[in-house]
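Asks: One letter stands for each residue in the lines below.
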Amino acid sequence: MPAHEPVLGIDLGTSYSCVSILEDGQPTVIPNEWGERTQASVVSFLNDGRIQVGNDAKRRLLTHPQQTVYSAKRLIGRFIFSPEVKKAKAVCPYEIVEGPNHGIRIKVLGEVLSVPQISALVLKEMKEIAEGYLGQTVNKAVVTVPAYFNDNQRQATHDAGRIAGLEVLRIINEPTAAALSYGFGKELNERVAVYDLGGGTFDISILEIGSDTFEVIATAGDTYLGGDDIDMRLMDHFAEEFMEETGINLRTNVNALQRLREVAEETKKAFSSKKKVKVSVPEIHTDPGGNVYDFNTVISSETFIQLTMDLVQRSFKVCDEALQSANMSVHDIDGVILVGGPTRLPLIRDSVRHYFGKEPLAGIDPDEVVAMGAAIQGDALLDTESTAFLLDVTPLTLRLATVGGYTEQIIGRNTPVPIDRTRTFTTSRDNQERVKIRILQGESNRVEENEMLGEFEFAGFRVAPRGEVQIEVTFEIDSNGIVNVSARDPETGQSASTTVSLSSGLSEDEIQASADQVQAADLMQERS
Amino acid sequence: MDQKFSEEVIVLANLIDEMNYYQVLRVNPRASLGQIREAYHTQSRLYHPDRYFNYPDGPFKQSIYKISKRVTEAYVTLRDAQKRGFYDQQLQQSGSQKLRYTEQSEQAQKKAKVEETGKTDKGRQLYRQGMAEMKRRDFVAAERTFKMALAYEPDSELFKKLCEEAGNNIKTDYKIK
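As they're listed, the protein sequences go chains S and C.
Just so we're on the same page, my numbering is the position in the first sequence counted from 1, plus 9.
Just so we're on the same page, my numbering is the position in the second sequence counted from 1, plus 607.
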């Protein structure tokens, strides 16, 4: 029996999620009732009010596309004007609407839901799978996020956990979790690169693994690049081919598009073992005259590579960046860990081997390794005897908006966390009662090219002539990679009250209301 | 956990504002990069907040957190050759024990970066030439070049220093022979 209560390790993926727990010191992936080890991150709302999550819900993408939400992770913590959201709006059959503070909401069957609420339903499903397996309730979890996630995305993921009724002990980075799973208890002394191509995001992290330390040297990523984009290319190619053959544009037909999407994903997976894939979609379209069309084609791996090579190349630009940040070259890397379903593709494996000049490490399951690492971290946090620890970094530069649309760096990217930095501000007007600052994350000097984290307003300090009052503002990035801002008057030592606005996040009331709703929801368990 | 350690941690957290980064990491001011990294790991082993995750909130945990953030800050500054150079300079000038790498340090560093290569076109050109001569250990030529640079920018502390350095090296070379 473990000395502490169980902690789940949850890999909350764009396309699939996975849950793991430590048993007898070893991370075990928990399958669902039907033995499936990964669950589709899909939530489907039924007309009778019931909710279905996982691989069954994914099947309903074809039959009930408007009621079935997938790839919510691509939207989490983003603003409505983000390019990713615009892209999603163009291809997603479910309805994406604007929420408060330019946030995002999803409208299903007349009900408006937040993105963390959708993710919470996926987390709740993972929690229930684990509870069914363990025969007891579980309330604690470590949840993973892409290393390149910004503060808004991390906060929103944390909120999702709370809504699902989970105490999120820690948000950890997916590549770091993978490295932990690989190196835990092995007494290694090596430098590894974790190449993590997921459904919706790409991360590369470079770590030095010691006997008990896992130190991230640098990380870089692209939260707009993933296996989904490969599917999209194939889908587009199929739609184009159908158009050439028949003159019919399937892109305006929601149902046909969903079927093409599914076929595209299957075709991609088939290329893991095949050189040529035969595609056949019967009755994909019926024209107004009642004529029924089928779609049949054969696609070679050469064509597949042509369609997607630039996406793969983009990932290596990001690798260059990470190596440069780490002051290393590919020759300094002892091993390469592949994470994420798309890394099963020979196209990716060959490109990685070519880039790093070595064979990727074998015996690591790219779909399960992240959840396993999260389970290890969860156990290490609660186990007082554990000696291993992670030294992770913040992926993006924390900035302060200054005058004229410019920004100033506060904490640079790839700085180890937890860390804090203090800045002193003075009042610029007589008897000023409030000081406002805007915080951003990103690598540009210009405000608009960075991600806005929020506007902080400080009040409650002394009222005096301008320049006389000083406000000491402390910016902190904690071990979750989450930014905390606090202020105080250095003379009196009194802390100033802080109000956050313009943030994409949910209010405390919204979180509570969603939590009640989600925790009361009955997730469908029967299989039709 | 032993009571003594808990008390030590609280005392250390109170003292840490009076300590410089070398004292925080418990390394010699001449420590190599490898030693600094090793010290960061050693200190993290002792004070990483994750190791005390399960402890109740209170003065001990707050102290651990404060220490670990300062350990990280020390590491971030000392592992970067340029930042460390400026920090060392500041430390020398102030002669004080405490000192954190602050925004003032960063501004000083930016300003120095301008001065680093000279204020005039000719000064910058001679700087590059002189540095190249230093690199191939032609100190006689380097001293001459920096003297010329000084003619263009008589106030440059950097050129004065480099001139002196080149001169000292000429003597050293001679002695070796």
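A couple of the hints might just be wrong.
Simulated pairs of lysine-lysine, DSSO-like, Cα-Cα distance not exceeding 30 Å [stated by the list, open to error]:
#1 S:Lys-96 - S:Lys-326
#2 C:Lys-754 - C:Lys-742
#3 C:Lys-729 - C:Lys-673
#4 C:Lys-690 - S:Lys-326
#5 C:Lys-726 - C:Lys-754
#6 C:Lys-729 - S:Lys-445
#7 C:Lys-767 - S:Lys-149
#8 C:Lys-690 - C:Lys-754
#9 C:Lys-690 - C:Lys-767
#10 C:Lys-673 - S:Lys-149
#11 S:Lys-96 - S:Lys-116
#12 C:Lys-742 - C:Lys-726
Some chain S residues well away from chain C (every beta-carbon gap over 10 Å; in silico) [claimed, not checked]:
#13 His-13
#14 Arg-59
#15 Leu-178
#16 Glu-224
#17 Glu-292
#18 Gly-413
FYI, nobody ran anything at the bench for these hints, they're computed from the structure.
Idealized CB from N, CA, C, for every residue including glycine.
Asks: If a hint holds in the structure, say so; if it does not, say that too.
Replies: Here is how each hint holds up against the structure:
| no. | hint | verdict |
| --- | --- | --- |
| 1 | S:Lys-96 - S:Lys-326 | holds (22 Å) |
| 2 | C:Lys-754 - C:Lys-742 | holds (17 Å) |
| 3 | C:Lys-729 - C:Lys-673 | violated (49 Å) |
| 4 | C:Lys-690 - S:Lys-326 | holds (28 Å) |
| 5 | C:Lys-726 - C:Lys-754 | holds (15 Å) |
| 6 | C:Lys-729 - S:Lys-445 | violated (45 Å) |
| 7 | C:Lys-767 - S:Lys-149 | violated (63 Å) |
| 8 | C:Lys-690 - C:Lys-754 | holds (28 Å) |
| 9 | C:Lys-690 - C:Lys-767 | holds (22 Å) |
| 10 | C:Lys-673 - S:Lys-149 | holds (26 Å) |
| 11 | S:Lys-96 - S:Lys-116 | holds (17 Å) |
| 12 | C:Lys-742 - C:Lys-726 | holds (22 Å) |
| 13 | His-13 | violated (7 Å) |
| 14 | Arg-59 | holds (38 Å) |
| 15 | Leu-178 | violated (7 Å) |
| 16 | Glu-224 | violated (8 Å) |
| 17 | Glu-292 | holds (56 Å) |
| 18 | Gly-413 | holds (18 Å) |
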